[in-house]
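Enquirer: Following the hints, complete the assembly by docking chain B with the ligands onto the known chain A.
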Amino acid sequence: MALEICNASVIYPAQAGRPPVEALSNINLHVDEHDFVVALGASGCGKSTLLNLIAGFLSPSSGKIVLDGSDVAGPGADRSVVFQKHALLPWLNVRDNVAFGLKLQGKGSAADAVAARFIALLGLSGFEKSPVYALSGGMQQRVGIARALTCDPKILLMDEPLGALDALTRERAQELILKIWKDTGKTVFLITHSVEEALFMGTKLIVMSPRPGRITYRFDLPFSRRFLDGVPARQVKASREFIELREEVLRIIFADEEQVA
Amino acid sequence: MTDQSTMAPHLRKPRTSLFSTFSRARATRPGETYGVPGQGNTTWLSVATILALIFVWWAVTATGLVKPLFVPSPQSIVQKFVDVWVNGFTGAPLWQHILISTARVFGAFLLACAIGIPLGLAMGMSPIMRGIFDPPIEIYRPVPPLAYLPLMIIWFGIGETSKVLLIFLSVFAPIALGARAGVRSAAIEQIHAAYSFGASRWQVLRHVILPSAMPEILTAMRIGIGFGWTTLVAAEMVAATKGIGYMVLSASQFLQTSTVIMGIFVIAAIAYAFDLLMRFLERRLVPWKGKM
Ligand SMILES: Nc1ncnc2c1ncn2[C@@H]1O[C@H](COP(=O)(O)OP(=O)(O)O)[C@@H](O)[C@H]1O
Ligand SMILES: [Mg+2]
Numbered sequence: 001m002a003l004e005i006c007n008a009s010v011i012y013p014a015q016a017g018r019p020p021v022e023a024l025s026n027i028n029l030h031v032d033e034h035d036f037v038v039a040l041g042a043s044g045c046g047k048s049t050l051l052n053l054i055a056g057f058l059s060p061s062s063g064k065i066v067l068d069g070s071d072v073a074g075p076g077a078d079r080s081v082v083f084q085k086h087a088l089l090p091w092l093n094v095r096d097n098v099a100f101g102l103k104l105q106g107k108g109s110a111a112d113a114v115a116a117r118f119i120a121l122l123g124l125s126g127f128e129k130s131p132v133y134a135l136s137g138g139m140q141q142r143v144g145i146a147r148a149l150t151c152d153p154k155i156l157l158m159d160e161p162l163g164a165l166d167a168l169t170r171e172r173a174q175e176l177i178l179k180i181w182k183d184t185g186k187t188v189f190l191i192t193h194s195v196e197e198a199l200f201m202g203t204k205l206i207v208m209s210p211r212p213g214r215i216t217y218r219f220d221l222p223f224s225r226r227f228l229d230g231v232p233a234r235q236v237k238a239s240r241e242f243i244e245l246r247e248e249v250l251r252i253i254f255a256d257e258e259q260v261a
Numbered sequence: 001m002t003d004q005s006t007m008a009p010h011l012r013k014p015r016t017s018l019f020s021t022f023s024r025a026r027a028t029r030p031g032e033t034y035g036v037p038g039q040g041n042t043t044w045l046s047v048a049t050i051l052a053l054i055f056v057w058w059a060v061t062a063t064g065l066v067k068p069l070f071v072p073s074p075q076s077i078v079q080k081f082v083d084v085w086v087n088g089f090t091g092a093p094l095w096q097h098i099l100i101s102t103a104r105v106f107g108a109f110l111l112a113c114a115i116g117i118p119l120g121l122a123m124g125m126s127p128i129m130r131g132i133f134d135p136p137i138e139i140y141r142p143v144p145p146l147a148y149l150p151l152m153i154i155w156f157g158i159g160e161t162s163k164v165l166l167i168f169l170s171v172f173a174p175i176a177l178g179a180r181a182g183v184r185s186a187a188i189e190q191i192h193a194a195y196s197f198g199a200s201r202w203q204v205l206r207h208v209i210l211p212s213a214m215p216e217i218l219t220a221m222r223i224g225i226g227f228g229w230t231t232l233v234a235a236e237m238v239a240a241t242k243g244i245g246y247m248v249l250s251a252s253q254f255l256q257t258s259t260v261i262m263g264i265f266v267i268a269a270i271a272y273a274f275d276l277l278m279r280f281l282e283r284r285l286v287p288w289k290g291k292m
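Protein chains in written order, with UniProt numbering: chain A, 1 to 261; chain B, 1 to 292.
Same shape as in the complex, but just chain A:
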């Protein structure tokens, strides 16, 4: 698996008296198999636009997106998306939500077994028949992740998947996602505006800044591997190296903000 974004730019045309927005400008990004790429940046710096390009919901104004040698021209089952919210189907129970992708692909016969596997993996066993609207926000996000995994995508795209969760649930969910990343060997592209989350989860970090949206810094990160090697999450996050990098990234982001403002 290899994802290549070459010189991609996105300009949203002017509308209703507002000038055109250069949401992304000359983005270059290379994602290897098993990478966990985290895009970090303030609201409006083009993170979702970048994810929509990879997902194939949006075509770039210029440049291109290449997945395993072929151009991305639209959405497809090799790229699953986990959204921040509103993406589950409230008329289906947990199991049918998880099996939804497979059923759409006509793999209904295998769907229940595969769904059961990912329901167990995400710790949702026993809730198969529950209506999704009755679940907590954290459990709803786990249903969304299980659903995205069932179709065995090459890359998992997550747009602020933990953004609506409370702090405690959020830390648990970060750990769960990392364990699943390790167990399934997936490639992940995750968006967040939490610096701590970005540093803890990614193997590669891209820091983005707005107007025009671009990648301003890139870091390689060691922290998620440490956690997966057995160091407790809080200990990883409290380490001197983690805190120093966190402060550095925060300085970068605040400096950006001041330039813009």
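If you're looking for bench data, these hints aren't it; they were derived computationally from the structure. Glycine included, each C-beta is placed from N, C-alpha and C at the ideal position. Treat the hints loosely; a few may be bogus.
For each label pair, taking beta carbons as the anchor points, the in silico distance ranges come out as [said to hold, decoys possible]:
id: 1; chain 1: B; residue 1: Arg201; chain 2: A; residue 2: Ser109; range: 20 to 28 Å
id: 2; chain 1: A; residue 1: Ser109; chain 2: B; residue 2: Pro287; range: 52 to 60 Å
id: 3; chain 1: B; residue 1: Thr33; chain 2: A; residue 2: Gly17; range: 33 to 41 Å
With a straight-line Cα cutoff of 27 Å, these simulated DSS-like cross-link-like pairs (lysine-lysine) come out [unchecked claim]:
id: 4; chain 1: A; residue 1: Lys85; chain 2: B; residue 2: Lys291
id: 5; chain 1: A; residue 1: Lys154; chain 2: A; residue 2: Lys103
id: 6; chain 1: A; residue 1: Lys103; chain 2: B; residue 2: Lys67
id: 7; chain 1: A; residue 1: Lys107; chain 2: A; residue 2: Lys64
id: 8; chain 1: A; residue 1: Lys182; chain 2: A; residue 2: Lys154
id: 9; chain 1: A; residue 1: Lys107; chain 2: A; residue 2: Lys182
id: 10; chain 1: A; residue 1: Lys103; chain 2: A; residue 2: Lys85
id: 11; chain 1: A; residue 1: Lys204; chain 2: A; residue 2: Lys179
id: 12; chain 1: A; residue 1: Lys85; chain 2: A; residue 2: Lys107
id: 13; chain 1: B; residue 1: Lys291; chain 2: A; residue 2: Lys129
id: 14; chain 1: B; residue 1: Lys291; chain 2: A; residue 2: Lys103
id: 15; chain 1: A; residue 1: Lys129; chain 2: B; residue 2: Lys242
id: 16; chain 1: B; residue 1: Lys289; chain 2: A; residue 2: Lys85
id: 17; chain 1: A; residue 1: Lys129; chain 2: A; residue 2: Lys85
id: 18; chain 1: A; residue 1: Lys179; chain 2: A; residue 2: Lys154
id: 19; chain 1: A; residue 1: Lys182; chain 2: A; residue 2: Lys237
id: 20; chain 1: A; residue 1: Lys129; chain 2: A; residue 2: Lys103
id: 21; chain 1: A; residue 1: Lys64; chain 2: A; residue 2: Lys179
Expert: Positioned in the frame of chain A, the structure of chain B with the ligands alone reads:
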């Protein structure tokens, strides 16, 4: 500010006047949510209102304040119901009048659902369909059915067709417009998720857009059949020999006020029963309505 709890009881100002509810807000009891507009149970008040209305009705007729020609007594309405049930009205028993009217309204309603729901969905999904069908629907929709009743009769005769068609037209517009608006209920994330699993446009319509539109479609059906009952009397104005609307109209020509009022109550009762059924269906079919 004084702490009320430390004041002697006789010093507390009474707060029960009607206007105090408007002028000041007080804390709710546990189990209620503070500040929800209009919260509270209305069942007892509703029952009391109905009983009071019946009592006033009975009182003005029993004291001879109003002549039976204008307002017959409640008892006479019940008697009339039993009488028409047993002896019939213009040769047909009451149940036949009820049956034929119900068949007309429901026939028109089912037809309106069968055409209006798919057409409304298509209008929601396709700008071409919307461009074509929006003007005709918006033009005829505000016109009262009585105005185009003569046209229906000229075109389709005095048989069942023109009657059902008249009711159909009044039911059709709200149902089609409801289905069209319902298309917008699906969250864009739900639609994107389906497409990213490789769904076709048809699958997205079938598995995401249609189910999310169900609450609005059911509401539109409820509103639509309400319009159907409203149009019934107009539909049975010309060349009908059976039906509740016909019964009410011809009774009014002979100044049989009690039959008129009885017919009105029968229509109200059937329409209300159907509304209850629709609400029940709504709770069963879309228990998730408004929850996500
Ligand atoms: N469909 C759109 N039309 C016009 N402008 C848009 C659209 N989507 C996003 N934008 C603008 O593009 C910029 C980047 O948006 P987005 O990618 O959603 O940022 P982020 O996800 O980082 O908050 C913002 O200034 C936003 O207002
Ligand atoms: Mg965003």
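Enquirer: Between the alpha carbons of Lys129/A and Lys103/A, is the straight-line distance 27 Å or under?
Expert: The given pair, whose Cα atoms are some 17 Å apart, holds under the 27 Å limit.
Enquirer: Does Lys107/A sit within 27 Å of Lys85/A, going by the straight-line distance between their CA atoms?
Expert: Distance ~26 Å between Lys85/A and Lys107/A Cα, so the pair holds.
Enquirer: Starting from Lys103/A, check that the Cα of Lys67/B is at most 27 Å away, please.
Expert: violated, 70 Å
Enquirer: Below or equal to 27 Å on CA atoms is what counts here, so check Lys129/A against Lys242/B.
Expert: violated, 51 Å
Enquirer: With the threshold set at 27 Å, check whether the alpha-carbon distance from Lys85/A to Lys291/B stays at or below it.
Expert: holds, 13 Å
Enquirer: Check whether the Cα positions of Lys182/A and Lys237/A lie no farther apart than 27 Å.
Expert: Within the cut-off at roughly 19 Å; holds.
Enquirer: Can the restraint linking Lys289/B and Lys85/A be considered satisfied, given a maximum Cα separation of 27 Å?
Expert: With Cα atoms ~17 Å apart, Lys289/B and Lys85/A stay inside 27 Å; holds.
Enquirer: Within 27 Å, alpha carbon to alpha carbon, are Lys182/A and Lys154/A?
Expert: holds, 14 Å
Enquirer: Hint check: Lys204/A vs Lys179/A, CA-CA at most 27 Å. Holds or violated?
Expert: holds, 17 Å
Enquirer: Using the C-beta atoms of Ser109/A and Pro287/B, is the stated range 52 to 60 Å upheld?
Expert: Violated, at about 29 Å.
Enquirer: Given the proposed pairing of Lys64/A with Lys179/A, does the C-alpha separation stay at or below 27 Å?
Expert: Status violated; Cα separation ~32 Å.
Enquirer: Hinted pair, alpha-carbon criterion (27 Å max): Lys291/B, Lys129/A. Please report holds or violated.
Expert: holds, 17 Å
The structure is inconsistent with the numbered hints 2, 6, 7, 15, 21, although it conforms to all the rest.
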